[in-house]
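Assemble chain G onto chain D, guided by the hints.
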Amino acid sequence: MDEQVKEQERKKSKSQLDAEFSDLYRAHLRDVYSYAYYRIGNHHDAEDLTEQTFLQAYRHFERAQLQSHGRPLRPWLIRIAHNLAANLYRDRARKPATPIDESTTLIAPYTTEQLVEGREELTRVLGGVGRLPEDRREALIMRFALGMDNREIARALGRSDGATKVLIHRAIKQLEGFVNDAGEKGDSKPLKGLVSDSGKGEGHDE
Amino acid sequence: MSEALGNNFEGLLREALAPVEPPEDLALRLEGTLESITEMAAEELQEWELSAMRDPRNWVRPATALVAGGGAGVALVLLRARRRAHGSSSGGLSGARKSAERTVRDLGRETRKLLGDR
Chain D
85 MDEQVKEQER KKSKSQLDAE FSDLYRAHLR DVYSYAYYRI GNHHDAEDLT
135 EQTFLQAYRH FERAQLQSHG RPLRPWLIRI AHNLAANLYR DRARKPATPI
185 DESTTLIAPY TTEQLVEGRE ELTRVLGGVG RLPEDRREAL IMRFALGMDN
235 REIARALGRS DGATKVLIHR AIKQLEGFVN DAGEKGDSKP LKGLVSDSGK
285 GEGHDE
Chain G
16 MSEALGNNFE GLLREALAPV EPPEDLALRL EGTLESITEM AAEELQEWEL
66 SAMRDPRNWV RPATALVAGG GAGVALVLLR ARRRAHGSSS GGLSGARKSA
116 ERTVRDLGRE TRKLLGDR
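Going down the list, the protein sequences come from chains D and G.
Residue 95 in our numbering sits at position 11 of the first sequence, with consecutive numbering throughout.
Residue 91 in our numbering sits at position 76 of the second sequence, with consecutive numbering throughout.
So here's chain D without its partners, still in its complex pose:
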């Protein structure tokens, strides 16, 4: 009898957990996809990355819930996507059959061009974002594409709130510099992709 009750309780908590995961998935599918898309630069890989992120999240959902102490789980999801994206670049860099130049020249068939149709400034901004160092680019994607606040970004990147604030400030300043330079040169080439070939950006210059 006790065993039956235990089994019923276990099933109930499992179905409750699944329902909660379903809510999380519905609430953040767009966030994860947007992050993946701006991080990788093409729809095909962004779809794969989104799928892998949610599958991994599902496996560790119960533990994440316990450890989050009621805090939002979006930074955790984005951190999973961040790690998977890093693995993707690492794996591609290791494969001798697919040279990195071919595999990561992320020609965004991207709606960017449609999105920024007639808006040279937006093209320059996106081009500039693609030239930023990886951590700065990610912070800007989280802030502006996902609307995350400093605390959430800090949790996703595993940094302190203060360091994240500085990171975002510097990213915006650096980007402004890129965009102004491009404006002065009259450079508004169509965007190739947000991620440079190495996936690393142009290094930190203050």
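For the record, the hints were derived by calculation from the structure and aren't laboratory data.
Some clues are possibly wrong.
Unchecked claim - Straight-line Cα separation of at most 20 Å, SDA-like style, residue types lysine to any residue; simulated pairs:
(1) Lys98/D x Leu49/G
(2) Lys98/D x Glu54/G
(3) Lys98/D x Glu46/G
(4) Lys249/D x Thr48/G
(5) Lys249/D x Asn23/G
(6) Lys98/D x Ile52/G
(7) Lys98/D x Met55/G
(8) Lys98/D x Gln140/D
(9) Lys257/D x Gly26/G
(10) Lys98/D x Glu25/G
(11) Lys257/D x Arg29/G
(12) Lys257/D x Glu54/G
(13) Lys257/D x Phe24/G
(14) Lys257/D x Ala247/D
(15) Lys249/D x Glu54/G
(16) Lys249/D x Arg235/D
(17) Lys98/D x Thr48/G
(18) Lys249/D x Phe24/G
(19) Lys98/D x Gly47/G
(20) Lys257/D x Asn23/G
(21) Lys269/D x Phe24/G
(22) Lys249/D x Gly26/G
(23) Lys257/D x Glu30/G
(24) Lys98/D x Arg114/D
(25) Lys269/D x Asp175/D
(26) Lys98/D x Glu50/G
(27) Lys98/D x Thr53/G
Just chain G now, with coordinates in the frame of chain D:
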């Protein structure tokens, strides 16, 4: 251009990095995958529990646990019996009988606990 950017650069950035809607088929595919994983996991767990007990190699752990648990239960009963015997050593024949009855009762209780836990 630069001035305009300086004034509303963050707004421009927000516009440039607009959220991207996932393709509809991705959402459907993902939901389908998650549903099937959930179902498979539940079925697999039930099947595994049953099939695992058909394989004699999987009897070792429950058997070990039973022996260890049983050993601990018997030791506990004997310890209690000893303590009682020590406490009522002056009780004569009736004291010894009561002690034996209690020991049997303890043994029964520990056995029930042990079987109930498995």
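The hints, checked one at a time:
no.: 1; hint: Lys98/D x Leu49/G; result: holds (14 Å)
no.: 2; hint: Lys98/D x Glu54/G; result: holds (11 Å)
no.: 3; hint: Lys98/D x Glu46/G; result: holds (17 Å)
no.: 4; hint: Lys249/D x Thr48/G; result: violated (38 Å)
no.: 5; hint: Lys249/D x Asn23/G; result: holds (19 Å)
no.: 6; hint: Lys98/D x Ile52/G; result: holds (13 Å)
no.: 7; hint: Lys98/D x Met55/G; result: holds (13 Å)
no.: 8; hint: Lys98/D x Gln140/D; result: holds (17 Å)
no.: 9; hint: Lys257/D x Gly26/G; result: holds (14 Å)
no.: 10; hint: Lys98/D x Glu25/G; result: violated (43 Å)
no.: 11; hint: Lys257/D x Arg29/G; result: holds (15 Å)
no.: 12; hint: Lys257/D x Glu54/G; result: violated (50 Å)
no.: 13; hint: Lys257/D x Phe24/G; result: holds (10 Å)
no.: 14; hint: Lys257/D x Ala247/D; result: holds (15 Å)
no.: 15; hint: Lys249/D x Glu54/G; result: violated (44 Å)
no.: 16; hint: Lys249/D x Arg235/D; result: holds (9 Å)
no.: 17; hint: Lys98/D x Thr48/G; result: holds (17 Å)
no.: 18; hint: Lys249/D x Phe24/G; result: holds (17 Å)
no.: 19; hint: Lys98/D x Gly47/G; result: holds (18 Å)
no.: 20; hint: Lys257/D x Asn23/G; result: holds (13 Å)
no.: 21; hint: Lys269/D x Phe24/G; result: holds (19 Å)
no.: 22; hint: Lys249/D x Gly26/G; result: holds (18 Å)
no.: 23; hint: Lys257/D x Glu30/G; result: holds (17 Å)
no.: 24; hint: Lys98/D x Arg114/D; result: violated (25 Å)
no.: 25; hint: Lys269/D x Asp175/D; result: violated (37 Å)
no.: 26; hint: Lys98/D x Glu50/G; result: holds (13 Å)
no.: 27; hint: Lys98/D x Thr53/G; result: holds (9 Å)
Of the numbered hints listed earlier, those contradicted by the structure are 4, 10, 12, 15, 24 and 25.
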